[in-house]
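There are 2 protein chains.
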Amino acid sequence: MARAATTTDAFNAVAEPQRRRILTLLKGRERSVNELAGALRVSQTRVSKHLRVLRVVGLVSVREAGQQRLYTLDARGLKPIHDWVGGFEEFWSQSFDRLNAYVK
Amino acid sequence: MARAATTTDAFNAVAEPQRRRILTLLKGRERSVNELAGALRVSQTRVSKHLRVLRVVGLVSVREAGQQRLYTLDARGLKPIHDWVGGFEEFWSQSFDRLNAYVK
DNA sequence: TTGTTATATTCCGATATGGGCATATCTTTC
DNA sequence: GAAAGATATGCCCATATCGGAATATAACAA
Numbered sequence: 000m001a002r003a004a005t006t007t008d009a010f011n012a013v014a015e016p017q018r019r020r021i022l023t024l025l026k027g028r029e030r031s032v033n034e035l036a037g038a039l040r041v042s043q044t045r046v047s048k049h050l051r052v053l054r055v056v057g058l059v060s061v062r063e064a065g066q067q068r069l070y071t072l073d074a075r076g077l078k079p080i081h082d083w084v085g086g087f088e089e090f091w092s093q094s095f096d097r098l099n100a101y102v103k
Numbered sequence: 000m001a002r003a004a005t006t007t008d009a010f011n012a013v014a015e016p017q018r019r020r021i022l023t024l025l026k027g028r029e030r031s032v033n034e035l036a037g038a039l040r041v042s043q044t045r046v047s048k049h050l051r052v053l054r055v056v057g058l059v060s061v062r063e064a065g066q067q068r069l070y071t072l073d074a075r076g077l078k079p080i081h082d083w084v085g086g087f088e089e090f091w092s093q094s095f096d097r098l099n100a101y102v103k
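The listed protein sequences correspond, in order, to chains P and W.
Residue numbers for the first sequence, in numbering that gives the first Met the number 0: 0 to 103.
Residue numbers for the second sequence, in numbering that gives the first Met the number 0: 0 to 103.
No lab work stands behind these hints, which were simulated from the structure alone.
These numbers come from a predicted model, not from an experiment.
Please note that a few of the clues may not be correct.
Copies of one chain are not kept apart here, so a pair can be met inside one copy or by any two copies together.
Here are the simulated lysine-lysine pairs, DSBU-like style, with alpha carbons at most 35 Å apart [as the list claims (entries may be wrong)]:
hint, residue 1, residue 2
1, LYS78, LYS48
2, LYS48, LYS26
3, LYS78, LYS26
Modelling step: build the complete structure from the supplied sequences, incorporating the hints.
Written as structure tokens, this is what we have:
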């Protein structure tokens, strides 16, 4: 068996930095593919491919507007990540305290 | 270029479900490799490999105890994930009404 | 010493990746 | 209708994956 597909879940989809940047750019307003490509300074092809992954896992949705596709953030799929990682909050603050104590 | 290595950062390391389970098992107390393998019902080889990835990205640390290796959680590396995902919290509560969330 | 237990590593195979480039599909404009 | 624009998809390549099996390494026991 190989590595799980990037389209398996939000965890895998979001492991790629460019896709995280795309999601960040979609905060607040929808954007076209070329708008994203321009902001990220990457080719249209690349952005389209990343958007497909994000679409499959449900982190973005598309709307047709003439010859453009406007992508919108659908952040609900990020909640499971937040929940899982949040379960460790007490542990990293604990490590931080320990480090602080040591520095003192 | 291929997919980024799993050892690149916490985002990639944590994209694999078995590794998330390992981290969850390490909450609270350190465990040996065989203890983890037993709890997860997977081979020792598999667990060792996953532990190496977690070690490289700094999410666990090891302590030698005779012929055993006791692994400890170091959750600090999860904070960047929590921070990044947390930046979307306002969006998943009212995901269909983006503009509203943004104005807020 | 020899054997056993605990863990790590190497080799192998199948698979999916991300990127570039070319091309296909629509839509708009002239 | 033809050309131009916006986006998606197909093919190719190099690479790293996860898993299994076997083996290596190290510590402990008899």
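Tested hints:
no.	hint	verdict
1	LYS78 x LYS48	both (23 Å within a copy, 28 Å between copies)
2	LYS48 x LYS26	within (19 Å within a copy, 37 Å between copies)
3	LYS78 x LYS26	both (15 Å within a copy, 21 Å between copies)
Hint compliance for this structure: every hint is met.
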